[in-house]
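So you can see what is in the structure, the chains are spelled out below.
Protein chains: 2
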Amino acid sequence: MAPRALDYESLNENVKKVQYAVRGELYLRASELQKEGKKIIFTNVGNPHALGQKPLTFPRQVVALCQAPFLLDDPNVGLFFPADAISKAKHYLAMTIGGLGAYTDSRGMPGVRKEVADFIERRDGYPSDPELIFLTDGASKGVMQILNTIIRGESDGILVPVPQYPLYSAAISLFGGSLVPYFLEETANWGLDVNDLRQSVAQARSKGITVRAMVIINPGNPTGQCLSEANLREILHFCYQENLVLLGDEVYQQNIYQDERPFISARKVLMGMGPPVSKEVQLISFHTVSKGYWGECGQRGGYFEMTNIPPKAVDEIYKVASVSLSPNVPAQIFMGLMVNPPKPGDISYEQFIRESKGILESLRRRARMMTDGFNSCRNVICNFTEGAMYSFPQIRLPPKAIDAAKMAGKVPDVFYCLKLLEATGISTVPGSGFGQKEGVFHLRTTILPAEEDMPEIMDSFKKFNDEFMEQYEGHGGYSRL
Amino acid sequence: MAPRALDYESLNENVKKVQYAVRGELYLRASELQKEGKKIIFTNVGNPHALGQKPLTFPRQVVALCQAPFLLDDPNVGLFFPADAISKAKHYLAMTIGGLGAYTDSRGMPGVRKEVADFIERRDGYPSDPELIFLTDGASKGVMQILNTIIRGESDGILVPVPQYPLYSAAISLFGGSLVPYFLEETANWGLDVNDLRQSVAQARSKGITVRAMVIINPGNPTGQCLSEANLREILHFCYQENLVLLGDEVYQQNIYQDERPFISARKVLMGMGPPVSKEVQLISFHTVSKGYWGECGQRGGYFEMTNIPPKAVDEIYKVASVSLSPNVPAQIFMGLMVNPPKPGDISYEQFIRESKGILESLRRRARMMTDGFNSCRNVICNFTEGAMYSFPQIRLPPKAIDAAKMAGKVPDVFYCLKLLEATGISTVPGSGFGQKEGVFHLRTTILPAEEDMPEIMDSFKKFNDEFMEQYEGHGGYSRL
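These protein sequence lines are chains A and B, in that order.
Residue numbering for the first sequence follows this note's numbering, beginning at 253 and increasing consecutively.
Residue numbering for the second sequence follows this note's numbering, beginning at 253 and increasing consecutively.
Note that these hints are calculated values from the structure, not bench results.
Keep in mind the model is a prediction, meaning the values are calculated, not measured.
Don't take each hint at face value.
Identical chains share a label here; the pair holds if one copy fits it or two copies do between them.
As the list claims (entries may be wrong) - DSSO-like mimics (lysine-lysine), calculated; alpha carbons at most 30 angstroms apart, straight line: (1) K459 with K306; (2) K290 with K658; (3) K689 with K662; (4) K564 with K268; (5) K662 with K571; (6) K459 with K269; (7) K658 with K671; (8) K291 with K658; (9) K715 with K291.
Just chain A, same shape as in the assembly:
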């Protein structure tokens, strides 16, 4: 009998080409070990609540009331919920046509999109149009939709940073396009050199690839750097010259752990450049409720904002969004609350600020503890996590370790990360899952384990690492290149 349509042999080849290491071999092995009863520290994915981060109280109160609107009719509702949560719940329910159980417009509720536009205007100082803002089930879904809209076939190229968050490589594979890498420079704090971009585009062009879009992740994932305004201006100018759509993954914009380079949006820089650049460069910016001090990953809420996209193309994007009918409504409300949080004078303001500041300050301390911890380990060097949620140390694997990995049939950093997992329960993602320069090895871990657990985790990492290096290197060869 011929292979059936859902036998491996006859699947869509693009599906088979997809790689997604964040939930790849390491994650699967960690899940197995967990089933066997081993304690696993899941730092493979930026999933704060899974590692003990508490949700912000106010938004949960509001969404709980929206889920159970009959509570609003109860005269005792004020015993359980503060008055501003009650009025916010009424505010959002009034935007729906039938509560959380009804599909909304496929772009999301107009009222929430207006709140997002107001937020962008306050943040950037330039007006934003709600008609060009679409709510999505998490930022990833938005990224996938836009890439699917752009990519026509394998001769369409997308510039993607290396190392990169593998959503981009996965989606480009799935939609049959070509990933055109540009390298971030580790020794320059994961900086981006526009001359390298030019080279990447030229090289792609020589292979017959038309580069159509460029991805930036700011703050960086997995690399944690924050782009400067000057750098963003260079990038936008480059996009203008090369006629590229810029996809700005800005989901970590609340996660900043230094004061020198606060987050600045690509859109703000673009608007500030004036015509012709500000009128020509097409930009899509992505945001989410999953990151920041919210960390509401499981709710799946996000948005994208479009700049300089003509109405006929917006209509096409709207049409395709319509096929999935509606982003989930509870997460639309989380998005509204995120961009329009309690204000000074509101009953819940103090608590909201206390909770969110507490999370952010602890993340800042954890970023420092982790960087310092890694840098205290043999053959490990690590840039400081300026932003986002990850640490991305370089692991200088001794030649004997690389040989041992080959013998085991593993990529060297996968070999290292598997051993780390078995020894310590720390579940990381090998650098090869994000791309890295030839012969250089990394791992990615989130900075999300609880602050009080961090010293023990870093001790346990150091013990494993230093023994591993000892085993494969002996006493003599300890060197920092």
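Since the structure of chain A is already known, use the hints to place chain B on it.
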């Protein structure tokens, strides 16, 4: 300057080819009219809560508690929530790792998948494996993922009923495959003749198309018919002979309005056929929390179950699901509650049964009112809605109306539906959005308007229709062919 990547001219052609009439021209016009202050009855999409259906109380209590777990620590929680809702909330929270704000496994929580498997086993009498059940953000997302996995290019064909719910045609366009139509026979109560299927496959093959999968929608959308066991057996045998994956869209399985043909799942029939058919035919079945007496569309919850899909292919489907990280967690809990509702003896059982029966019995009455209403109109004939949520009357347009439509640059049924909308505020979907035989015209409306509003809506429809027919036909030509 060359067109930019997100200018209409240079978009992915497959995106441009997508058509999705459920939110197409009629919906957009209805939204405009609503903005202008006109009262619109949105019967274009199966969105029960938008038309006043109340959510079931118990599941909303449970999910509200899960969103606000701090309520569970409050000694007074019992004043607001029944004990079984409290214990269910604890049951589901214990399945999560960090509550609703944490990503789950990309297939959904193992505990909920186990509850789905138990439900399927109770329903069908055959065991079901939770490892082959994936939770999704609504059924549509699952359908899209599976079609994307199957379709390799335009020479891959998918058999789709005509008329069909346009999710299928839209997804096939988006992923670059070929839709191979098979016609449902209106005069045989929208029955499916396997000889027609053979013809469709032969015709496709003569054009170089390999038919790889077949879609059935049972109960039918937009056509409302319920497939008999004998018919399902024929279909499965045909899939076996032709080596087709069967995609069983069974999202309306709770929506049955007659007693002669209760819902029977494709999987139950398949298992009952015994080997080799039961061991060979690949089947994917889809279900949702959006339909039935739940109608929780805005929550975006669904699942698909895979039968006879080999592990290597399941792994690929898992991998691609992982790129989107996790279906939204609140909707996973709704799914758990739907497949494992209150039981006799539970505190909330009586209320749950009263509410769900009330909705279903009213839908049954509305199905009858609507069919009878349409059949009382001039030049309109309509099969009874045996199941699902739609009425799909045939509108016999007089030649002069067809001419007038051509003059207006509209497809005749679009012309009719636009006039209906302007005259009455009733927002329907033209039959051409679902496919229909050449020269035959329909519209689809949901049966969801509130029961008390139904007489007025049908009167308003009849008045419009009969005047329309009068205008384009005059007194003489009234005939029923």
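So, going through the hints one by one against the coordinates:
no.: 1; hint: K459 with K306; verdict: neither (50 angstroms within a copy, 59 angstroms between copies)
no.: 2; hint: K290 with K658; verdict: within (27 angstroms within a copy, 71 angstroms between copies)
no.: 3; hint: K689 with K662; verdict: within (17 angstroms within a copy, 58 angstroms between copies)
no.: 4; hint: K564 with K268; verdict: between (33 angstroms within a copy, 10 angstroms between copies)
no.: 5; hint: K662 with K571; verdict: between (44 angstroms within a copy, 19 angstroms between copies)
no.: 6; hint: K459 with K269; verdict: both (20 angstroms within a copy, 29 angstroms between copies)
no.: 7; hint: K658 with K671; verdict: within (14 angstroms within a copy, 71 angstroms between copies)
no.: 8; hint: K291 with K658; verdict: within (28 angstroms within a copy, 70 angstroms between copies)
no.: 9; hint: K715 with K291; verdict: within (17 angstroms within a copy, 70 angstroms between copies)
When the structure is compared with the earlier hints, a violation turns up for hint 1 alone.
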